[in-house]
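Colleague: Each chain is listed here by its residues.
2 protein chains.
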Amino acid sequence: MSDFSLDSRLQADCIELTQVNDIHVLLMNNSLLPWFILVPKTPHIELHQLPEAQFQHLMALQCTMARFIESHFTVDKINTAAIGNVVSQLHVHVIGRRKDDHCWPGVVWGNPQKTPYTDSEAQHIQQQLTRYLAD
Amino acid sequence: MSDFSLDSRLQADCIELTQVNDIHVLLMNNSLLPWFILVPKTPHIELHQLPEAQFQHLMALQCTMARFIESHFTVDKINTAAIGNVVSQLHVHVIGRRKDDHCWPGVVWGNPQKTPYTDSEAQHIQQQLTRYLAD
Numbered sequence: 000m001s002d003f004s005l006d007s008r009l010q011a012d013c014i015e016l017t018q019v020n021d022i023h024v025l026l027m028n029n030s031l032l033p034w035f036i037l038v039p040k041t042p043h044i045e046l047h048q049l050p051e052a053q054f055q056h057l058m059a060l061q062c063t064m065a066r067f068i069e070s071h072f073t074v075d076k077i078n079t080a081a082i083g084n085v086v087s088q089l090h091v092h093v094i095g096r097r098k099d100d101h102c103w104p105g106v107v108w109g110n111p112q113k114t115p116y117t118d119s120e121a122q123h124i125q126q127q128l129t130r131y132l133a134d
Numbered sequence: 000m001s002d003f004s005l006d007s008r009l010q011a012d013c014i015e016l017t018q019v020n021d022i023h024v025l026l027m028n029n030s031l032l033p034w035f036i037l038v039p040k041t042p043h044i045e046l047h048q049l050p051e052a053q054f055q056h057l058m059a060l061q062c063t064m065a066r067f068i069e070s071h072f073t074v075d076k077i078n079t080a081a082i083g084n085v086v087s088q089l090h091v092h093v094i095g096r097r098k099d100d101h102c103w104p105g106v107v108w109g110n111p112q113k114t115p116y117t118d119s120e121a122q123h124i125q126q127q128l129t130r131y132l133a134d
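If you read the protein sequences in the order shown, they are chains W and P. Take the first sequence: its letters are residues 0 to 134, numbered as in numbering that gives the first Met the number 0. Take the second sequence: its letters are residues 0 to 134, numbered as in numbering that gives the first Met the number 0.
Isolated chain W, as found in the complex:
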């Protein structure tokens, strides 16, 4: 999709880390949790509307990101979701949760607490992810 552009809300809230198989990998700019967002380049807004190959790429990356979170952060649970009630552009959350995090056991959506990353923190995560995806 040559005319695809990231939703402005996602751009404002997130840091773009990389792209994999035409899927943008974003880091929610909130260091309270390891919270990643996958945005496939598609005009569709529902997972089940994706062409099969793109759906498979997205699900594989969702699993990869869950493994990345487990191996690089201290987490007790992974939360994955495609919601899109506010930002309709199709995007999948992959979030590492801890039993002592600020909204456990509740969900993260709707919770306003936020501590932005420093530039060096975000760069460190980007470097870790780049290495992880290359292996």
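In case anyone wonders, no lab produced these hints; they're calculated from the structure. Being a predicted model, the structure only gives us computed values, none of them experimental. Please note: incorrect hints may appear among the correct ones.
What the hints assert, rightly or not - Computed cross-link-like contacts, DSS-like style, restricted to lysine-lysine with a CA-CA straight-line distance of at most 27 Å:
id: 1; chain 1: P; residue 1: K76; chain 2: W; residue 2: K76
id: 2; chain 1: W; residue 1: K40; chain 2: P; residue 2: K76
id: 3; chain 1: W; residue 1: K113; chain 2: W; residue 2: K98
id: 4; chain 1: P; residue 1: K98; chain 2: P; residue 2: K76
id: 5; chain 1: P; residue 1: K40; chain 2: W; residue 2: K76
id: 6; chain 1: P; residue 1: K76; chain 2: P; residue 2: K113
id: 7; chain 1: W; residue 1: K98; chain 2: W; residue 2: K76
id: 8; chain 1: P; residue 1: K98; chain 2: P; residue 2: K113
id: 9; chain 1: P; residue 1: K98; chain 2: W; residue 2: K40
id: 10; chain 1: W; residue 1: K76; chain 2: W; residue 2: K113
id: 11; chain 1: W; residue 1: K98; chain 2: P; residue 2: K40
As the list claims (entries may be wrong) - Sample of chain W residues lacking proximity to chain P, with all beta carbon distances greater than 12 Å (derived):
id: 12; residue: S7
id: 13; residue: A11
id: 14; residue: I14
id: 15; residue: T17
id: 16; residue: N28
id: 17; residue: P42
id: 18; residue: E45
id: 19; residue: T63
id: 20; residue: T73
id: 21; residue: Y116
id: 22; residue: Q127
id: 23; residue: R130
All C-beta atoms, glycine included, are put in the ideal place defined by N, C-alpha and C.
With chain W held as given, fit chain P onto it using these hints.
Modeller: Just chain P now, kept in the frame of chain W:
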């Protein structure tokens, strides 16, 4: 998994509709929204831990349930999620949302509003789903 049993909280909150490929299909007993829960027979608690074939069956059924919801209910958006912070047994939510539903645009989790189905309402949904899955 011969020794698999549904989590007691899921049993209490839901109505079992059917099983597909060793995946329990549950209806959340809340008629405010078409809210289905898929529970694969597995001891794993994270999606990315599932064996590949079981993961594929679960994702295919997730898509099928989204299409069932779109074709049998009036909805504006599908929400799908694997959270499991409270009930750790792996389960996937597939929920039809309306812009005039009781928690739009917020997520459903954590919202206490609930109107249980009548027996005939639940049976009707079960019959519709059985027919849909047989086609």
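Colleague: So, for every hint listed, does it hold in this structure?
Modeller: Status of each hint after checking the structure:
no. : hint            : verdict
1   : P:K76 to W:K76  : 26 Å, holds
2   : W:K40 to P:K76  : 19 Å, holds
3   : W:K113 to W:K98 : 17 Å, holds
4   : P:K98 to P:K76  : 8 Å, holds
5   : P:K40 to W:K76  : 19 Å, holds
6   : P:K76 to P:K113 : 20 Å, holds
7   : W:K98 to W:K76  : 8 Å, holds
8   : P:K98 to P:K113 : 17 Å, holds
9   : P:K98 to W:K40  : 25 Å, holds
10  : W:K76 to W:K113 : 20 Å, holds
11  : W:K98 to P:K40  : 25 Å, holds
12  : S7              : 17 Å, holds
13  : A11             : 17 Å, holds
14  : I14             : 23 Å, holds
15  : T17             : 19 Å, holds
16  : N28             : 20 Å, holds
17  : P42             : 15 Å, holds
18  : E45             : 5 Å, violated
19  : T63             : 8 Å, violated
20  : T73             : 15 Å, holds
21  : Y116            : 24 Å, holds
22  : Q127            : 18 Å, holds
23  : R130            : 19 Å, holds
Comparing the model with each earlier hint shows violations of hints 18 and 19; every other hint is respected.
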